[in-house]
Amino acid sequence: MKNSISQIKKALIEKKISVGELYDEYLAKAKSGNNNSFNLVIDKENNISSINYSQNRYDNGNPLPLDGIPLGIKDLFCTKGIRTTASSKILSNFIPNYESFVTQQLLNDGSIFIGKNNCDEFAMGSSNETSYFGPVINPWKSKNSQKDNLVPGGSSGGSAAAVAEGSCVASMGTDTGGSIRQPASLCGIVGLKPTFGSCSRWGIVAFASSLDQAGPLTNCVEDAAYILNSINKHDFNDSTCSNHQREDYLIDINNSLENKIKIGIPSDYLEDVSEDILNQIDNTKKALSKHGIEFVDVEFKTTEYALSTYYILAPAEASSNLARYDGVRYGVREDGESLDDIYLNSRTKGFGDEVTRRILIGAYVLSAGYYDAYYRQAQKVRRLIKNDFQRILNEVDFILTPTTPNEAFKIGDKLDPISMYKNDIYTVPTSLAGLPGISIPSGLSKNGLPLGVQFIGNYFKEKTLLQLAALAEKELSFNE
Amino acid sequence: MSDIDIKRISYLAKLKLPSEKEEFYTNSLKDIIKWVDNLKKVDTSKTEPLHNVTEKTVSIRNDEVSKSNSVDDVLSNAPERAQNFFKVPKVVE
Chain A
1 MKNSISQIKK ALIEKKISVG ELYDEYLAKA KSGNNNSFNL VIDKENNISS
51 INYSQNRYDN GNPLPLDGIP LGIKDLFCTK GIRTTASSKI LSNFIPNYES
101 FVTQQLLNDG SIFIGKNNCD EFAMGSSNET SYFGPVINPW KSKNSQKDNL
151 VPGGSSGGSA AAVAEGSCVA SMGTDTGGSI RQPASLCGIV GLKPTFGSCS
201 RWGIVAFASS LDQAGPLTNC VEDAAYILNS INKHDFNDST CSNHQREDYL
251 IDINNSLENK IKIGIPSDYL EDVSEDILNQ IDNTKKALSK HGIEFVDVEF
301 KTTEYALSTY YILAPAEASS NLARYDGVRY GVREDGESLD DIYLNSRTKG
351 FGDEVTRRIL IGAYVLSAGY YDAYYRQAQK VRRLIKNDFQ RILNEVDFIL
401 TPTTPNEAFK IGDKLDPISM YKNDIYTVPT SLAGLPGISI PSGLSKNGLP
451 LGVQFIGNYF KEKTLLQLAA LAEKELSFNE
Chain B
1 MSDIDIKRIS YLAKLKLPSE KEEFYTNSLK DIIKWVDNLK KVDTSKTEPL
51 HNVTEKTVSI RNDEVSKSNS VDDVLSNAPE RAQNFFKVPK VVE
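The listed protein sequences correspond, in order, to chains A and B. Heads up: the first sequence at position 36 corresponds to 36 in the working numbering, and the numbers run straight through without jumps. Heads up: the second sequence at position 15 corresponds to 15 in the working numbering, and the numbers run straight through without jumps.
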């Protein structure tokens, strides 16, 4: 098993390794990696002062919570002085002069950024195949076809692959409709999407502002708690960031949950799923039942509308958010004789196919004559979906679902957008409801590929959600 | 569902699709719009639209001036600049 943050910190405290040696170790893996999981790797000399400060704090016996930990950062977070591209041609030369709120918290806590992780262009994709810098390859291979390169999932595919291949201890990702949980599941790691409004969106390249949320991709649940402790803070620069008191997610993470727990399994999610996927739910149920946790069947009434709602709202918000790329203020400019030509040429040449498609869908559903029928109707159905979750969370404490409907597929296998969009069937509803969800690895498919299960909790109840996930992780012992 | 006028939509989105790609995007949009059409059968006559999912969390800071980006910071990524301005082709005759 790979080392966890607490194991690495212990080794640093006991001087079994120095911060610089630790960085070298991960840097070597990041540089020699064949999975295209980084858009940019940061050489040691460019991080030398952070490394030295961190080592000094260990030497003085007062290390910060994430001191010296090499982290990957999805190339969607603005990082001061470090190229931030959103894996798009149009931002391929963009160097932010400010730091995103979330990455600033990670720096304040002593972590060191090893590079920017590849992702789908503007986080639009479920396979990391839409990146301008090429697809990311899943470190896992099917035992029946070792030669085939598989997708890592997306959009935080580079983050998931980097953690799985061991080229960073953890990575910061973002999740709009499943972009943390789905790749975590396909790469056999842990991915947490906190409640919408937990972590500030300030400085994250915007995709769909009512859905985007930052969260960690990690080797274990405890590492997710370490990162969440750092990033889950109120920020006035994001008006949707909740101003409530946050808990310490690390304390008591391995203690049993205090009350008797009831978990709902949505029977409508399990219709027509493969045996591989059913096994994950059964195994998890078995593993947790011995702790006196009760499982009950629940049934959603709105599941069949979730993807439609998402694929109206997310592109609508994207078409509006991506209007800012004009070739004038930042990003790549394509020449034109008039200002209008500059807009048209820069945008047309700067965006890839999937981003173009989503901007067009968004422009269509927001246009006069269609706004009420599509956009407004989708916003109303979104409320019904949220109400549906609230009804079920009045009956049970958590919901257990598969994270994905299938294992990792071959690069180039899913060419039709709708079959790609269906990958997010289990993660999108949670995103629309704004609830927190965590994917943990639960077992292997018949082809020897990792699969995950998702636990969904109530709003801002990440603490008990992580405790439950830690218990399931221990019982499922995927990493052993 | 009405027909997709791809020229109008791409104009609204400030995109100039190459003519050989117009059909590709038209068909793609048609498929997706048909796929999401199932929302029309949901009765929402008594439902209000949902804008912010956590609804009660909106927090707004006091309206106080704070120092943030300098002019040089703001212009540092401009493809073309002239003194303290973004530079674009002449807009008015």
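Hints in this document: simulated from the structure, not taken from any laboratory. Heads up, some of the hints might be wrong.
No farther apart than 30 Å at their CA atoms in a straight line, the calculated lysine-lysine pairs in the DSS-like style are these [stated by the list, open to error]:
id, chain 1, residue 1, chain 2, residue 2
1, A, 349, B, 90
2, A, 89, B, 41
3, B, 90, A, 89
4, B, 16, A, 349
Covered, in the sense of this in silico footprint (three residues per stretch, anywhere, with C-beta under 8 Å from a C-beta of chain A), are these stretches of chain B [unchecked claim]:
id, segment
5, 9-16
6, 29-42
7, 59-66
8, 75-89
Every residue, glycine too, gets a C-beta built ideally from N, C-alpha and C.
Quick rundown of the hints versus the structure:
1. A:349 <-> B:90: 22 Å, holds
2. A:89 <-> B:41: 40 Å, violated
3. B:90 <-> A:89: This hinted pair holds, its Cα atoms lying about 26 Å apart.
4. B:16 <-> A:349: Holds: residue 16 of chain B and residue 349 of chain A sit about 9 Å apart, inside 30 Å.
5. 9-16: holds (count 7)
6. 29-42: holds (count 11)
7. 59-66: holds (count 3)
8. 75-89: holds (count 8)
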